[in-house]
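Read top to bottom, the protein sequences are chains A and B.
With the working numbering applied, the first sequence corresponds to residues 1 to 315, in that order.
With the working numbering applied, the second sequence corresponds to residues 1 to 315, in that order.
Source of the hints: derived by calculation from the structure; they are not laboratory data.
Being a predicted model, the structure only gives us computed values, none of them experimental.
Hints should not be assumed to be uniformly reliable.
[Claimed, not checked] Here are the simulated lysine-lysine pairs, DSBU-like style, with alpha carbons at most 35 Å apart:
no., chain 1, residue 1, chain 2, residue 2
1, B, Lys85, B, Lys193
2, B, Lys253, B, Lys193
3, A, Lys72, A, Lys85
4, B, Lys56, A, Lys262
5, B, Lys64, B, Lys85
6, B, Lys262, B, Lys64
7, B, Lys253, B, Lys56
8, B, Lys262, A, Lys85
9, B, Lys238, A, Lys238
10, A, Lys193, A, Lys85
11, B, Lys262, A, Lys262
12, A, Lys85, A, Lys64
2 protein chains.
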Amino acid sequence: MNLSSKSKSLRIAVVGSGAIGSYYGAKLTYGGSDVHFLMRGDLNEVRRVGLYVRGKGENFRLAKVNCYNSVKEIGPCDLVLIAVKATSNGKLVDLVPPLMHEHTMLLTLQNGLGNEEFLAEHFGGERVLGGLCFICLSRISRTEIERYDYGHIVLGEYGRASQPRTHEVAAEFKHASVTCSVTEDLLLERWRKLVWNIPFNGLSILGGGIDTSAILADVALRRATLALMDEVIVAANKCGYPLPSAAALEQIKRTETMGAYKPSTLLDWGAGRPLEIEAIWGEPLRRATAAGAPAPRLEIVYALLKALDGSLPQS
Amino acid sequence: MNLSSKSKSLRIAVVGSGAIGSYYGAKLTYGGSDVHFLMRGDLNEVRRVGLYVRGKGENFRLAKVNCYNSVKEIGPCDLVLIAVKATSNGKLVDLVPPLMHEHTMLLTLQNGLGNEEFLAEHFGGERVLGGLCFICLSRISRTEIERYDYGHIVLGEYGRASQPRTHEVAAEFKHASVTCSVTEDLLLERWRKLVWNIPFNGLSILGGGIDTSAILADVALRRATLALMDEVIVAANKCGYPLPSAAALEQIKRTETMGAYKPSTLLDWGAGRPLEIEAIWGEPLRRATAAGAPAPRLEIVYALLKALDGSLPQS
Chain A
1 MNLSSKSKSL
11 RIAVVGSGAI
21 GSYYGAKLTY
31 GGSDVHFLMR
41 GDLNEVRRVG
51 LYVRGKGENF
61 RLAKVNCYNS
71 VKEIGPCDLV
81 LIAVKATSNG
91 KLVDLVPPLM
101 HEHTMLLTLQ
111 NGLGNEEFLA
121 EHFGGERVLG
131 GLCFICLSRI
141 SRTEIERYDY
151 GHIVLGEYGR
161 ASQPRTHEVA
171 AEFKHASVTC
181 SVTEDLLLER
191 WRKLVWNIPF
201 NGLSILGGGI
211 DTSAILADVA
221 LRRATLALMD
231 EVIVAANKCG
241 YPLPSAAALE
251 QIKRTETMGA
261 YKPSTLLDWG
271 AGRPLEIEAI
281 WGEPLRRATA
291 AGAPAPRLEI
301 VYALLKALDG
311 SLPQS
Chain B
1 MNLSSKSKSL
11 RIAVVGSGAI
21 GSYYGAKLTY
31 GGSDVHFLMR
41 GDLNEVRRVG
51 LYVRGKGENF
61 RLAKVNCYNS
71 VKEIGPCDLV
81 LIAVKATSNG
91 KLVDLVPPLM
101 HEHTMLLTLQ
111 NGLGNEEFLA
121 EHFGGERVLG
131 GLCFICLSRI
141 SRTEIERYDY
151 GHIVLGEYGR
161 ASQPRTHEVA
171 AEFKHASVTC
181 SVTEDLLLER
191 WRKLVWNIPF
201 NGLSILGGGI
211 DTSAILADVA
221 LRRATLALMD
231 EVIVAANKCG
241 YPLPSAAALE
251 QIKRTETMGA
261 YKPSTLLDWG
271 AGRPLEIEAI
281 WGEPLRRATA
291 AGAPAPRLEI
301 VYALLKALDG
311 SLPQS
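Let's have the full structure, built from the sequences with the hints guiding it.
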């Protein structure tokens, strides 16, 4: 009988070593997990100097990071953390198979809607879990990650209630000092997070690069934020995910405590990185429309962001 | 008995010598009218080299332009063309009085809603006329104006049907080869023009600086344009100005014939000039709201433009 809190170690791969992948991969490594990072441009520098993580109450360096230039070098794992931009999902079709054995779990830590569906379609729904990352994070250099606030993950199974393995994965994060809870309804949580991301990530860009406190200080933008939140809540309800209408004001109030926060999409925009427009705005809009929920503001925000991004639909 | 088609000459002042003021002032001068321009920074150069006007089927130079550094030098006129940006209306309180005699007419050629009301409030409604300029124009240097398309004016009295003087002013423009018609309902025509300006001027800026053909070529933006037009039409109707719902599609079709056209506000934005946000979006939104017309898209476009412009409400 095994009395240890960790009965066996999961072999973990991280695909997508931006801010999210690097941070959670580093946390897991630091907590003793067996983590293997796929890296490209940053590989040599990370091998040479390691990874630094700084944030409220944490400050550590991983001197030795298991990083690789190809997924074949990593080989089969028990858990794959998917943290590429949703705009790069197409690459996963080739990247993921060498990492899989019969029971490999694929955990997407990406934003918005459609990512679990993408993985399910290509690799089978039974493998797929999703995680919502509530975190303010920035990768300030190839080897340094700065966490500004929060950090917790809400984990769930794709299309079903939690399983023993869901709790096993959550335990792996908790062991690494990452607050992690398990949800019985992943999609409900995704919609709840969109209530925040759809207005704040969108208006921060369209308003010319403004942070959350500038949005809330402007009477017209604050009203637009609330109205967008209401649209998302109505859409979620019509899609079968019960969110209370009070969720809008609650999120506004919580955001007021966050100070001048720049949403991740605004940081992407400022850095010239592609925006996850389809995952955050396009797919929710399509589901709202299909469910008969009116979403005039979301429609125009989506159209404008797509035009700003200057690209064709990305998924 | 005077058999001339012009029984007497109007003494005309032009306040605001941007593209619109310079163009119509130059046309009137070239047509033989007695025109006096208020100029500031451009005064010396225009005195030295005159004004050039180029466009489809016209190409002329005014060697001698009556231009002045102060309204006192101009003195009382029969007609004052008001062509400053609506954001500078406050300056009119001091600029206009020295130009007035008992029967001076004030003709605003400005965009949007609220300009006639501003003039009426400060100088008396009986003096006020409004003109809608349908023109694609650019002031390409201090002394050169280029007209790309159109040019006609729709004239009307503020708050009443046309008067003999309205037709006299129209005749002055026609005499100068400017197509000019008289409307019996100026505000109806202002709303009709807003059906175009509200979506195209707004989306061209918020979409990152795109022209009308780019807006119409993008499925989502085209849909947003039509939906915004519908909101404006419903608002106009609720405010008592009957515009048919077919006006939206008609304007889209007409715009398709215009090619890649950059709305005036986009040119202002590109040149770092202030935007007429309150006249084009703010005031129509306030009137829509007061009349109980839902305008969620206009609301968000207004909020975003105001944030982009980075300024407090301008009127």
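Hints, verified against the model:
A threshold of 35 Å between alpha carbons decides the hint, and for Lys85(B) with Lys193(B) the separation of about 17 Å falls inside it, so the pair holds. For a cut-off of 35 Å, the pair hint linking Lys253(B) to Lys193(B) stands: about 15 Å separates their Cα positions. Using a Cα cut-off of 35 Å, the hinted pair Lys72(A) and Lys85(A) holds, with the two alpha carbons roughly 21 Å apart. Among the hinted pairs, Lys56(B) with Lys262(A) is inconsistent with the structure: their alpha-carbon atoms are about 49 Å apart, more than 35 Å.
A distance of roughly 26 Å separates the Cα atoms of Lys64(B) and Lys85(B); the hinted pair therefore holds under the 35 Å criterion. Distance hint between Lys262(B) and Lys64(B) is fulfilled; the C-alpha atoms sit about 31 Å from each other, no more than 35 Å. With a C-alpha separation of about 22 Å, the suggested pairing of Lys253(B) with Lys56(B) holds against the 35 Å cut-off. The straight-line distance between the Cα atoms of Lys262(B) and Lys85(A) is roughly 34 Å, inside the 35 Å bound, and the hint therefore holds.
Distance restraint check for Lys238(B) and Lys238(A): the Cα-Cα separation of roughly 30 Å lies within the 35 Å cut-off, and the hinted pair is therefore satisfied. With a C-alpha separation of about 17 Å, the suggested pair Lys193(A) and Lys85(A) falls inside the 35 Å cut-off, and the hint holds. Taking the CA atoms of Lys262(B) and Lys262(A), the gap is about 31 Å. The hint holds against a cut of 35 Å. Note on Lys85(A) and Lys64(A): the hinted pairing holds, with a Cα-Cα distance of about 26 Å set against a maximum of 35 Å.
Going down the numbered hints, you'll see the structure goes against just number 4.
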